[in-house]
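Enquirer: Line by line, the protein sequences are chains A and B. 4 is the number of the first residue of the first sequence in my numbering; add one for each residue after it. 1351 is the number of the first residue of the second sequence in my numbering; add one for each residue after it.
The hints are simulated quantities; they were obtained by calculation from the structure and are not laboratory data. You may find that some hints are simply not true.
[What the hints assert, rightly or not] List of simulated lysine to any residue pairs, SDA-like, C-alpha gap at most 20 angstroms:
#	chain 1	residue 1	chain 2	residue 2
1	A	K163	B	K1481
2	A	K77	B	S1495
3	A	K113	B	E1542
4	A	K113	B	V1497
5	B	K1481	A	D168
6	A	K113	B	S1495
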Amino acid sequence: MILIQGLYKQFGKLEVLKGIDLEVGKGKVVVVIGPSGSGKTTMLRCLNVLETPTNGVISIEDNTLDFSKNVPKKNIAEFRRLTGMVFQSYNLFPHKTALENVMEGPIIVKKENRDAARKKAQALLEKVGLGDKIDFYPAQLSGGQQQRVGIARALAMEPKVMLFDEPTSALDPELVGEVLKVMKDLANEGMTMIVVTHEMRFAREAADEVIFMDQGVVVERNKPEEIFTNPKEERTRKFLNMIQ
Amino acid sequence: MKMYLNSIFADPERTARLIDIAQSSFLPLMKGAIFYTIPLTIITFIVGLLLAILTALARISHVKIFQIIARIYVSAIRGTPLLVQLFIIFYGLPSIGIIIDSYIAAVIGFSLSVGAYTSEIIRAAILSTPKGQWEAGYSIGMSYSQVLRRIILPQAARVSIPPLSNSFISLVKDTSLASLVLVSEMFRKAQEIAASNYEFLLVYSEAALIYWVICFILSSIQQMMEKKLDRYV
Ligand SMILES: Nc1ncnc2c1ncn2[C@@H]1O[C@H](COP(=O)(O)OP(=O)(O)OP(=O)(O)O)[C@@H](O)[C@H]1O
Ligand SMILES: [Mg+2]
């Protein structure tokens, strides 16, 4: 249901993505690993078009953007609504409460009725375990709580796929678990997810597939137990040794 | 100095006269403040602020021509004295057939000035909002103008309230320059009163005191606002 074909991204002279091909089935969870600078973040950002790819085709269900041609702004905005993005640094809106953060998209973008949006936002915050914190401002929440609000905010737009960019790497170790639990629940409910993370436990327990990226290409992809215990490529092996 | 004090306190008749003048000029001065100084300040600040937001947006836009126009405007206003600008508008423009009422001339002059100076404050505030805020807005499907209005400007407003309050307080005092283009604001009233009774020190000091009280009240409001806004950071 998600298809990436020949994805290239250049920043000036620096070629960061050098032809990524990837398909992710509906309801699948894909974990992306790889060394710093290999282009993991850039790939996610291309998927929700925060970066405009230099070339390539991306499609989600029957929506397709072909970057070998000029893509109209309107198509980008529509396409973006199919994806939900969770940022490493949460990026919550500091002047809005948890509830308002979650309601913002549905009200402003989807023009939903305020009461309906409020009910839905409340339910989402309960789902991520923050039912008692809905009126708190981000500054009053711990990192783990903020990240869970971030997940609820993305879910409120009812995306087809959730993109996570190292959602736990800014967190204190004791707060990582609560965020991963929410993500696992989501995976179990059948959400399609692409997760950049170095949490190998999460990859083992929740991923259908692990992808190893290096220097702008997908080096290896396999089931988690396979890739972790029996990597085929030398580069994958080296990387796994380094982080374990 | 000594003579002046002597003349006040040694001579009961003069003391009475001064008290009388102080009392009788209070009402006209307050009228000048309430009907001219304060409305002039508020109107020019609002118009100036709108101008400043537009200018700030033009300066951060990717459209070259907007950037250039905004830069020239800011540079011209900041590079020339406010008094000279007011004279050009009120005394200068009539020679090319543009005759503007003194009050309107003052509104135009001060608004242009506020717009240029505060556009820098607003631009800095917008730029100080982390890039992640734009991206978070875009990622939930918002458009440029939606992110700007709902996410960036409210945060920028929070950062810019202290410097903007300072501009506002300066403006209260700057409006006294409008006396020179014949707006009957408080200081012009003071000049008229003093010209009729020659008690310059007394009347001008009284005007100064009223400016001070107004600015003191505004500073207190500013402090209250900043406390309230500290709720979230
Ligand atoms: N906006 C940008 N402008 C210029 N270069 C960029 C930009 N964004 C990323 N890069 C460069 O692209 C390369 C890949 O960056 P990216 O953030 O995608 O890597 P990553 O795999 O996510 O790394 P990390 O594990 O450190 O997050 C890096 O060399 C980075 O410096
Ligand atoms: Mg990254």
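Enquirer: Next step is simple, just say for each hint if it's right about the structure.
Expert: Here is how each hint holds up against the structure:
1. K163/A / K1481/B: violated, 25 angstroms
2. K77/A / S1495/B: Holds, at roughly 14 angstroms.
3. K113/A / E1542/B: Measuring from Cα to Cα gives roughly 61 angstroms; hence the hint is violated.
4. K113/A / V1497/B: Status holds; Cα separation ~14 angstroms.
5. K1481/B / D168/A: holds, 16 angstroms
6. K113/A / S1495/B: holds, 15 angstroms
Checked against the numbered hints above, the structure violates hints 1 and 3; every other hint is satisfied.
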